[in-house]
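Residue numbers (UniProt numbering), protein chains in the order written: chain A, 1 to 231; chain B, 1 to 276.
Bear in mind the hints are in silico, worked out from the structure with no lab data behind them. A virtual CB, placed ideally from N, CA and C, is assigned to each residue, including glycine. Take these hints with a grain of salt, some might be off.
Unchecked claim - Simulated restraints on C-beta separations:
id, chain 1, residue 1, chain 2, residue 2, range
1, A, Thr104, B, Ile235, 38 to 44 Å
2, A, Thr220, B, Gly153, 25 to 31 Å
3, B, Gly36, A, Lys88, 51 to 57 Å
4, A, Leu9, B, Asp74, 31 to 37 Å
5, B, Gly191, A, Arg109, 21 to 27 Å
6, B, Gly153, A, Tyr97, 34 to 40 Å
7, B, Thr182, A, Thr220, 23 to 29 Å
8, A, Ala152, B, Ala167, 33 to 39 Å
Claimed, not checked - Examples of chain B residues toward chain A, derived with CB under 8 Å:
id, residue
9, Lys103
10, Ser107
11, Leu109
12, Leu111
13, Thr116
14, Lys119
These are the residues of each chain, in order.
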Amino acid sequence: MGDHYGFSLTTFSPSGKLMQIEYALNAVKNGQPSVGLKASDGVVLATENPSSPLYEEQAKIEKISKHIGCVYSGMGPDARLLVKRARKIAITYEDMYGEEISTTQLVTRLAAVMQEYTQSGGVRPFGVSLLIAGWDAEPGKPLLFQCDPSGAYFAWKATALGKNDTNAKTFLEKRFSETLELDDGVHTSLLTLRECFDVGMTEDNVEVAVCNSSGFHRLTKQQVKDHLGAL
Amino acid sequence: MAALDAFQNGVLQCEVEPNAFDFSNCTRNCALARMGTAPPRLNSTGTTIVAVTYKDGVVMGADSRATAGNIIADKHCEKVHYITDSIYACGAGTAADLDQVTKMLSSSLRLLELNTGRKARVITALRIAKQHLFNYMGYVGAYLLIGGVDPTGPYLFDVSANGTTMARPFAAQGSGSYAAITVLEKDWKIGMTEEEASKLVQDALHAGMHGDNASGNSLNLVVITPEKTIFRGPIVPDFCNKPEPIESDYKFKSGATTVLKKKEIKYDIVESMDMH
Numbered sequence: 001m002g003d004h005y006g007f008s009l010t011t012f013s014p015s016g017k018l019m020q021i022e023y024a025l026n027a028v029k030n031g032q033p034s035v036g037l038k039a040s041d042g043v044v045l046a047t048e049n050p051s052s053p054l055y056e057e058q059a060k061i062e063k064i065s066k067h068i069g070c071v072y073s074g075m076g077p078d079a080r081l082l083v084k085r086a087r088k089i090a091i092t093y094e095d096m097y098g099e100e101i102s103t104t105q106l107v108t109r110l111a112a113v114m115q116e117y118t119q120s121g122g123v124r125p126f127g128v129s130l131l132i133a134g135w136d137a138e139p140g141k142p143l144l145f146q147c148d149p150s151g152a153y154f155a156w157k158a159t160a161l162g163k164n165d166t167n168a169k170t171f172l173e174k175r176f177s178e179t180l181e182l183d184d185g186v187h188t189s190l191l192t193l194r195e196c197f198d199v200g201m202t203e204d205n206v207e208v209a210v211c212n213s214s215g216f217h218r219l220t221k222q223q224v225k226d227h228l229g230a231l
Numbered sequence: 001m002a003a004l005d006a007f008q009n010g011v012l013q014c015e016v017e018p019n020a021f022d023f024s025n026c027t028r029n030c031a032l033a034r035m036g037t038a039p040p041r042l043n044s045t046g047t048t049i050v051a052v053t054y055k056d057g058v059v060m061g062a063d064s065r066a067t068a069g070n071i072i073a074d075k076h077c078e079k080v081h082y083i084t085d086s087i088y089a090c091g092a093g094t095a096a097d098l099d100q101v102t103k104m105l106s107s108s109l110r111l112l113e114l115n116t117g118r119k120a121r122v123i124t125a126l127r128i129a130k131q132h133l134f135n136y137m138g139y140v141g142a143y144l145l146i147g148g149v150d151p152t153g154p155y156l157f158d159v160s161a162n163g164t165t166m167a168r169p170f171a172a173q174g175s176g177s178y179a180a181i182t183v184l185e186k187d188w189k190i191g192m193t194e195e196e197a198s199k200l201v202q203d204a205l206h207a208g209m210h211g212d213n214a215s216g217n218s219l220n221l222v223v224i225t226p227e228k229t230i231f232r233g234p235i236v237p238d239f240c241n242k243p244e245p246i247e248s249d250y251k252f253k254s255g256a257t258t259v260l261k262k263k264e265i266k267y268d269i270v271e272s273m274d275m276h
């Protein structure tokens, strides 16, 4: 990649900022809203996946390994590459160490990949922030991380990305509690997402996934519909 | 002679005598033996592995003895390897090679399932296996029976270390396969039920474990259907149980042997060592 450019396109501005990364974060801010919430017994990921009668269904929330999944806000194709890379990282780790990769290990390795693209020749930073949800079998706890275009990663109890994320985070600060269980977590996530929605929320334009001891699963249309009905 | 003629006429041997067996290699081997060339040595791989397709799916089984020469290195070796939830591979050959190849197959297929969003197919496992093994020209000693059920149906394939593959309705591999295949050839029929297929696999394994000294100890089975996969084992056949204690006592009563002659030899002590 970058045959003719052996130098980095991400360079410092006089103020000490890397403008390419700032612009990448803008791409994230303008992306479709997504929400992540860590409940006591699992993690919830939810996002807007706009549909139209002309579309064929395409899922946005992706599974990385048996107990880890992710959602993004920003440029879909960039996310696709990162997810593929994450899956390879996870399975290579399993091959080498004989056990499933832990969420923190995956996040640090993936964040390192994202950082690489801010300091390599002829490439640009990824235009996505990822929300990675995982369940570590030992000691049996849920984890939620955010990975930014800069390569920075943060552990969250609950957060939101994309359009109207400040509104959503304010909402979460009020409504989030550490004692929430998974079902209530889904409920709160959907309420939060609704804060970011410009249109009405239906089971056709929202995607929800949960990650707990039994693995990472996307909720079916019917399950989403039931949750929406209870809002 | 026919071979030489065919070659000189630029015609393939199989076209000269289309429906007969071609024994020209046998002639060559005899000639080589006469010249003093030793035939290549075959490494016997101690295993009996068996697989059978039936009406709805596949039943696969293996013994559990791993040998190093004449010694049993492992009594409970796991020879039925997990590839995916609906694909398993039984392996005969070099234990390390089998472990690594099946792990590699499993990783590749599970990654493919995630990236394509579809259940992996048995034929894909076959292609990956044969392309890998052919590259190593048989030096990776893995002889696999790959079986499973995918959205297109149940399949069973036979893969050799050099890369040859074959689709089969039933198969056996390993040193115990000579005994096991006789049972399969006699009793396999189309449209068996799961119970019949399971029994057939176990009978074939018994034949191998009984007749081959490099197979035995216990057996493992896996039954793969479109709905579920059930792993059964270890099953210990009756004849593999530890031998029962000998009922007779082999101690002889004193005085049972008659003494015919007695000879006493006296030795003088010349030098003694202090032993601590």
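Please flag the earlier hints that this structure goes against, numbers listed from lowest up. 4, 5, 7, 8, 11, 13 and 14
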